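Peer 1: Numbering-wise (UniProt numbering), the sequence shown opens with residue 1 and increments by one.
Be aware that one or more of the hints could be misleading.
What the hints assert, rightly or not - What follows is a set of in silico ranges between Cβ atoms, one per label pair, in the way DEER data are often shown: (1) Glu481 <-> Glu197: 28 to 34 Å; (2) Asn527 <-> Gly194: 49 to 55 Å; (3) Glu329 <-> Gly435: 39 to 45 Å; (4) Arg590 <-> Glu383: 30 to 36 Å.
Stated by the list, open to error - With a straight-line cut-off of 25 Å between C-alpha atoms, the simulated PhoX-like cross-links for lysine-lysine are: (5) Lys478 <-> Lys528; (6) Lys415 <-> Lys479; (7) Lys583 <-> Lys528; (8) Lys415 <-> Lys478; (9) Lys612 <-> Lys583; (10) Lys349 <-> Lys479; (11) Lys247 <-> Lys179; (12) Lys433 <-> Lys415; (13) Lys415 <-> Lys341; (14) Lys349 <-> Lys247; (15) Lys467 <-> Lys433; (16) Lys433 <-> Lys349; (17) Lys467 <-> Lys415; (18) Lys584 <-> Lys528; (19) Lys415 <-> Lys179.
None of these hints come from the bench; they were simulated from the model.
Predicted, not measured: the structure shown is a model, and the values here were computed from it.
For each residue, glycine too, the CB sits at the ideal point set by N, CA and C.
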Amino acid sequence: MYWEHYSPSSSRSLLQWLRTQGNRDSARNQQGREGFLQSLEVGRSALNPDSATCQLCDSAKVLSLLEPGLFIDGAYWKCVAVLGQAKSPWVRLCPFQKKDRTTSRNCPSGPAGEKRLCLANCLAVFRLGLLLDCARLAVAARDFICARFSLVSRDADFLGLSADELIAIISSDGLNVEKEEAVFEAVMRWASSGDAEAQAERQRTLPTVFESVRCRLLPRAFLESRVERHPLVRAQPELLRKVQMVKDAHEGRLTVLRKKKKEKGKEAAGAKATDKGTAEAKAEENEEEDERVLPGILNDTLRFGMFLQDLIFMISEEGAVAYDPAANECYCASLSTQIPKNHVSLVTKENQVFVAGGLFYNEDNKEDPMSAYFLQFDHLDSEWLGMPPLPSPRCLFGLGEALNSIYVVGGRELKDGERSLDSVMCYDRLSFKWGESDPLPYAVYGHAVLSYMDLVYVIGGKGSDRKCLNKMCVYDPKKFEWRELAPMQMARSLFGATVHDGRIFVAAGVTDTGLTSSAEVYSITDNKWAPFEAFPQERSSLSLVSLAGTLYAVGGFATLETESGELVPTELNDIWRYNEDEKKWEGVLREIAYAAGATFLPVRLNVLRLTKL
């Protein structure tokens, strides 16, 4: 794997360099975590910011092509045109010295423009870097786009990219996509957009763009049912030949191309003629060799986003740690200490992680200054983002999600009296606003809330009389109604619950007579509860996690006897796994660090972004 260093004085343009870079990066098919990281580091070192010089021979002429303006050395430059079809807002660019305003300029390292990249302007800044021939700015914007490809590819500006600009993006190894199907669909949307003239031009260049789609990473079934039958593919025999090459590769028959290249040029041969003789120089000049290369369509190097792994996400006030039970490895996800101690966490079906809880005092709100923290985990930057705070602070509540909304269900007030609640708060992830939803049929706290198929289930807990409940109900946000379901066989609260293999499992917890180790399983289709293999120990606050087809039980509190013979509640940080074949619970770890006081979620994270502990 090699990277070619770019300099503006090269005969090729920056855009041409970006186009070919992705394919050259993966030419030797470097697989695995270490090889991938090494290739990225080599590439970044090749892009030394000190060597990325913006060649602006006539700055006034270049600036006249830009709009709405640029901040340069504190001055605002009026401009008249936008870059192509880019309509995104511009950001502050790197400051230049006054004496260099009419000459070539060097972009200093770390410009404010790179730091202010966002989804609204990344495509425009990418084009700006290409126009100014500034490698560092263009690559920074390209990397930002690649890291958020699933979101950027839905933008209307994405459909306005030229073929070369699109190739510069989708040819990158750093594309953050879990499946190559996302790249194929984005390319097809791009080729089908625009007016008739634009579509004709894009379909003409589609075979070239198609070379950057790594079709060998597509499943054989998708290749035959979706790619081969796509109207744009069927309309071009050249694309059908490429698809056939991929199908042959799936069967072990690789199509290898032979490319001729000269070892030495005429100048090099002439320089050696004085020492080696004219005959030897001529022989060296004409020396050619065949280079065996694979077509770009057969590139099967994994993208950056394809290194996702199923992990148990442990969130506590000391930080966030991800545990891989398959490899028995821990990764540091975040060192933030802003997580409230008694929080509730949720992972959505889109793999977004949210945390709610604690107490937040807002001095600006005189009427109701008390609220609760509400945070979202940023997978790309490994940090927690502050979201609109929960307007109704509470504890012992549950979190669920359905139809792009997050529901805070029940709980107890964090005020005098600690009244049990039947209220439900709803957070709209599209408008970023809180509102009230339909209340529960009864007040409850210490219950379990689960989400499945855009329905929110509420199980067990304690009522206003502090008695354990065996009730179960479900909320349908499409019908705006709660409906009662079959009750559990045992009333319990503070228990473990999860959806596993299309069924709801509950285990352990607190009953009216003490702790329990019993477990039950609920059939969603039959609306029936059935006994399940009991957990090996009586516990409360046990966490059940369904990860990669395996059911895990983590942590909780048990009553243990001290050396003096006194029974005290003790927090345990062990991990258990249910063996489906032998129908029993098996111990995985006696104790895992970073699990004290944590909540546990099944997530898919990119281990290339995480630090191994």
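Peer 1: For every hint, state whether the structure bears it out.
Peer 2: We went through each hint and held it up to the structure:
no. : hint                          : verdict
1   : Glu481 <-> Glu197: 28 to 34 Å : violated, 52 Å
2   : Asn527 <-> Gly194: 49 to 55 Å : holds, 51 Å
3   : Glu329 <-> Gly435: 39 to 45 Å : holds, 41 Å
4   : Arg590 <-> Glu383: 30 to 36 Å : holds, 32 Å
5   : Lys478 <-> Lys528             : holds, 24 Å
6   : Lys415 <-> Lys479             : violated, 33 Å
7   : Lys583 <-> Lys528             : holds, 20 Å
8   : Lys415 <-> Lys478             : violated, 33 Å
9   : Lys612 <-> Lys583             : violated, 33 Å
10  : Lys349 <-> Lys479             : holds, 21 Å
11  : Lys247 <-> Lys179             : holds, 18 Å
12  : Lys433 <-> Lys415             : holds, 24 Å
13  : Lys415 <-> Lys341             : holds, 17 Å
14  : Lys349 <-> Lys247             : violated, 32 Å
15  : Lys467 <-> Lys433             : violated, 34 Å
16  : Lys433 <-> Lys349             : holds, 20 Å
17  : Lys467 <-> Lys415             : holds, 21 Å
18  : Lys584 <-> Lys528             : holds, 22 Å
19  : Lys415 <-> Lys179             : violated, 48 Å
Consistency note: the structure conflicts with the earlier hints numbered 1, 6, 8, 9, 14, 15 and 19.
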